[in-house]
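Undergrad: Chain by chain, the residues:
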Amino acid sequence: MASSLRRIARLSLISRYTSTDGRWNTLRGLSTATDDLNSPNQCWTSNKPVNLFSAINQALHIALETDPRAYVFGEDVGFGGVFRCTTGLADRFGKRRVFNTPLCEQGIVGFAIGLAAMGNRAIAEIQFADYIFPAFDQIVNEAAKFRYRSGNQFNCGGLTIRAPYGAVGHGGHYHSQSPEAFFCHVPGIKVVIPRSPQQAKGLLLSCIRDPNPVVFFEPKWLYRLAVEEVPEQDFMLPLSEAEVIREGSDITLVGWGAQLSIMEQACVEAEKDGISCELIDLKTLIPWDKETVEASVNKTGRLLVSHEAPITGGFGAEISASIVERCFLRLEAPVARVCGLDTPFPLVFEPFYLPTKNKMLDAIKSTVNY
Amino acid sequence: MAIWVARSRNIITQYFLKTKNNCPFDQNYFLFHTNSSYKSRNRFGFLDCQSATFMAFRRFESVRAGEQAEAVAYGNEDGHENQGIDFPGGRVAFTPQMKFISESTDKRIPCYRVLDDDGYSIPGSIFEQVDKETAVKMYKSMVTLQIMDTIFHEAQRQGRISFYLTSTGEEAINIATAAALTPDDIILPQYREPGILLWRGFTLQEFANQCFGTKDDYGKGRQMPIHYSSKEHNYFAVSSPIATQLPQAAGVAYSLKMDNKEACVVAFMGDGGTSEGDFHAGLNFAAVMEAPVLFFCRNNGWAISTPISEQFRSDGVVVKGQGYGIRSIRIDGNDTLAVYSAIHAAREMVIHEQKPILVEALTYRVGHHSTSDDSTKYRPMDEIEHWKTARHPMSKFRKWVQRNGWWTDDEETELRGIIRKQVLNAIQMADKTEKPSLDNLFTDVYDCLPLNLQEQEKSLRETIKRHQQDFPADVPL
Ligand SMILES: Cc1ncc(C[n+]2csc(CCOP(=O)(O)OP(=O)(O)O)c2C)c(N)n1
Ligand SMILES: [Mg+2]
Chain A
1 MASSLRRIAR LSLISRYTST DGRWNTLRGL STATDDLNSP NQCWTSNKPV
51 NLFSAINQAL HIALETDPRA YVFGEDVGFG GVFRCTTGLA DRFGKRRVFN
101 TPLCEQGIVG FAIGLAAMGN RAIAEIQFAD YIFPAFDQIV NEAAKFRYRS
151 GNQFNCGGLT IRAPYGAVGH GGHYHSQSPE AFFCHVPGIK VVIPRSPQQA
201 KGLLLSCIRD PNPVVFFEPK WLYRLAVEEV PEQDFMLPLS EAEVIREGSD
251 ITLVGWGAQL SIMEQACVEA EKDGISCELI DLKTLIPWDK ETVEASVNKT
301 GRLLVSHEAP ITGGFGAEIS ASIVERCFLR LEAPVARVCG LDTPFPLVFE
351 PFYLPTKNKM LDAIKSTVNY
Chain B
1 MAIWVARSRN IITQYFLKTK NNCPFDQNYF LFHTNSSYKS RNRFGFLDCQ
51 SATFMAFRRF ESVRAGEQAE AVAYGNEDGH ENQGIDFPGG RVAFTPQMKF
101 ISESTDKRIP CYRVLDDDGY SIPGSIFEQV DKETAVKMYK SMVTLQIMDT
151 IFHEAQRQGR ISFYLTSTGE EAINIATAAA LTPDDIILPQ YREPGILLWR
201 GFTLQEFANQ CFGTKDDYGK GRQMPIHYSS KEHNYFAVSS PIATQLPQAA
251 GVAYSLKMDN KEACVVAFMG DGGTSEGDFH AGLNFAAVME APVLFFCRNN
301 GWAISTPISE QFRSDGVVVK GQGYGIRSIR IDGNDTLAVY SAIHAAREMV
351 IHEQKPILVE ALTYRVGHHS TSDDSTKYRP MDEIEHWKTA RHPMSKFRKW
401 VQRNGWWTDD EETELRGIIR KQVLNAIQMA DKTEKPSLDN LFTDVYDCLP
451 LNLQEQEKSL RETIKRHQQD FPADVPL
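As you go down the protein sequences, you meet chains A and B in turn. Okay, so the first sequence: first residue is 1 according to the UniProt record's numbering, each after it adds one. Okay, so the second sequence: first residue is 1 according to the UniProt record's numbering, each after it adds one.
No lab work stands behind these hints, which were simulated from the structure alone. The beta-carbon is built from N, C-alpha and C at its ideal position, and this holds for glycine as well. Certain hints may be false.
Said to hold, decoys possible - A partial selection of chain B residues facing chain A, derived with a Cβ cut-off under 7 Å:
#	residue
1	D86
2	S240
3	S275
4	E276
5	I308
6	Q311
7	K377
8	R379
9	L449
10	N452
11	T463
12	D470
13	P472
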């Protein structure tokens, strides 16, 4: 495991976003800032460009292949899932390991906790993050406290809950939400969100094999849209390690998931105005990598956090408070938050609701010129 | 009740041997008599419809049959008829027999129907009379629903609306239920029940306004297409999360009860919806609170790609009612007259006995789950085809209406032409209409705008001034 982590760090990754609408046309993709983009990757011979749902699918194949005690289940998972993430799994591994469940999220998670408590890897799918709330009690009061309340006699560390989250352009109230902050308030679970296909595969495999229950939110807008080379092999990316995906000196931008591609666009635009932005992918929201963010802010003296979820009580508030605690004297401007509005996620007004590139650009400029 | 279930096989055999009655209601009555009291039987005096009279009689019979069976079971087998335990909830008899209650009934609960596949009413069937005017209105509404579905679905395919979901195959459930209710009855929909609104006078233009999210949409463009709501029509807002409406239905109904309203709540769910915890909560609350709710399960065989065999065991949905102490009936959801009659009778019982009822209508989701779905990936084409043609609810109802001399082929052609035009007009109009203005993004989160939203609105308007190109031009600022 450790060696694969090290190897992947050396990968040079060039993300390529195919675009079906204007929102993505200007995307250059999210590469790893520390990589030399010009040198061809030497570590892997079998990197194929795949989209995000296929990368998830690969990870699930590997998880089931490498651990006979791994199970994948959820609503409509049997035929491949409504986002095709579980395609081919039931055929390959059989209906006893990959199966449809009744339409009941509390049942899915409760069942998964029980399965995990018996030493299995329970990989449960919630069809949309918006529908995770019937399972909230199981996650918050059960999964998160399973180890603690039994003095570590029991744990459900084999539990991974996957759920598509976030805006998709036409999802309205219940196919668009980003509920990560609710779960970041719960000691005992980890919350992980990938930004790209390669990240999705490596992080998901880490989550599945992590000895703690994890909620893994997948940016559904990127399922088809984000395409990049992904190693076919089994590899894992470390949890609780943020990544500087673009180096800069004037301001630090912190985000996760699909929002990073919008932030990346803002960085590119800001550069034209002579502002050098450092962009950090937090990847694991709890327990999060304060040190990477702190080091960056100590360098730039400014911080902007961005997420799609409503600004009030969002995870951006936690990052902001923590960094103010740690970098108070170094900060040259108040921490900026560019987030969703404090309204339910709206259909017609979605473009107004979202933290757009230009909202971010404005905030970058006013923070730098504070 | 536990006793009854334990002995159910006995009773069923004896009861049927005794009565030799081939009325389609029998087994269902049999099921619910066990929980009912004589008091409720007397209250059937409220009912004056043909079927209600019949029911009062049958109920009496079946209760007697049950008593006799009890005597047989305990008197003859072990002589312990007087021994029992006074347990909270009623006396429970003892038995020396270690008998497990069966996980399912021997025979599946039969399905009440009135019309056969050719649209002839089955001899001896008990049903509510439908006059010409109502029958024709019902048929016309089904045609309207069907055409609206076809054209709206097409509009989604052309990218004019973002999403759609048809009721194809479930037209009888939609329309006949609506027709059997009164406008005062309150609907808590799942989402595949727009026909109720249509029946109540929600116009094609109003449907289009919602799907296009125009300024005239009552939901103010905030929700996805098909998430209709109309206070005027006693139709609660459709909410995507499955089954959340079911416990709410018990609360709404309790209010009607406390206000002595001559109305009930009709709460819809799919077969998939019955798996959610909220289904349990809703039925249990309604039973315990004696809330006048008619729970209507559209069992259409599928929940997206999940067949009912992977959704629940035992005999489907209808048998769940008894576990909660809720009278239940299974009906042919593709038989307009059966739906109409059963809902008519159920409504009377719900309101006059002030208790919930569970209706399971067997039907089929002929369309894909929604425009996001391709159901040929997980179910056979010929299955879809069979339900689309041979079992389609509209074809047999049309035969019945035409045989009565109430409808002709010419009228059919004319109606279809007119409705098509109306739907197309509605779509065109909605397409041209501007979206709700920007302030609607912020209003209604609370009754009035709190400080954070005032600030966010101000800041958003400044952003718009700077970056007008980022925002849709059809939303007035
Ligand atoms: C709580 C929740 N979980 C999952 C979903 C996703 N979903 C939407 S419809 C549906 C299937 C519902 O099936 P059923 O209740 O049988 O109704 P039908 O579509 O057949 O009318 C699912 C799983 C949801 N909307 N809400
Ligand atoms: Mg269904």
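Undergrad: So, as I understand it, the hint says B/E276 touches chain A; can you test that by seeing if any CB pair is closer than 7 Å?
TA: 5 Å, holds
Undergrad: Taking the least C-beta to C-beta distance, is B/I308 closer than 7 Å to chain A?
TA: Check failed: Cβ of B/I308 comes no nearer than 10 Å to chain A, outside 7 Å.
Undergrad: Let's test the interface hint: is any C-beta of chain A closer than 7 Å to that of B/D86?
TA: Where the cut-off is 7 Å and the nearest Cβ of chain A is about 36 Å from B/D86, the hint is violated.
Undergrad: The hint names B/K377 as touching chain A; please verify it with the least Cβ-Cβ distance against 7 Å.
TA: 6 Å, holds
Undergrad: Could you check if B/R379 really has its C-beta closer than 7 Å to a C-beta on chain A?
TA: 9 Å, violated
Undergrad: Please check whether B/S275 passes as an interface residue: C-beta within 7 Å of a C-beta belonging to chain A.
TA: 4 Å, holds
Undergrad: Double-check B/P472 for me: the hint is only fine if its C-beta lies closer than 7 Å to a C-beta in chain A.
TA: This interface hint holds because 6 Å falls under the 7 Å limit.
Undergrad: Hey, does the B/T463 contact hint survive, CB to chain A under 7 Å?
TA: 6 Å, holds
Undergrad: Taking 7 Å as the limit, does the beta-carbon of B/Q311 come near enough to a beta-carbon in chain A?
TA: The hint holds - B/Q311 has a Cβ within 7 Å of chain A, the shortest such distance being about 5 Å.
Undergrad: Let me know if the C-beta of B/N452 comes in closer than 7 Å to any C-beta of chain A, holds or violated.
TA: 5 Å, holds
Undergrad: Hold the hint about B/D470 up to the distance rule: shortest CB distance to chain A must be less than 7 Å.
TA: Constraint on B/D470 satisfied, holds at 6 Å.
Undergrad: Holds or violated: B/L449 as interface residue toward chain A, Cβ cutoff 7 Å?
TA: Because about 11 Å separates B/L449 from the closest Cβ in chain A, which is outside the 7 Å limit, the hint is violated.
Of the hints listed earlier, those the structure fails to meet are numbers 1, 5, 8 and 9, in rising order.
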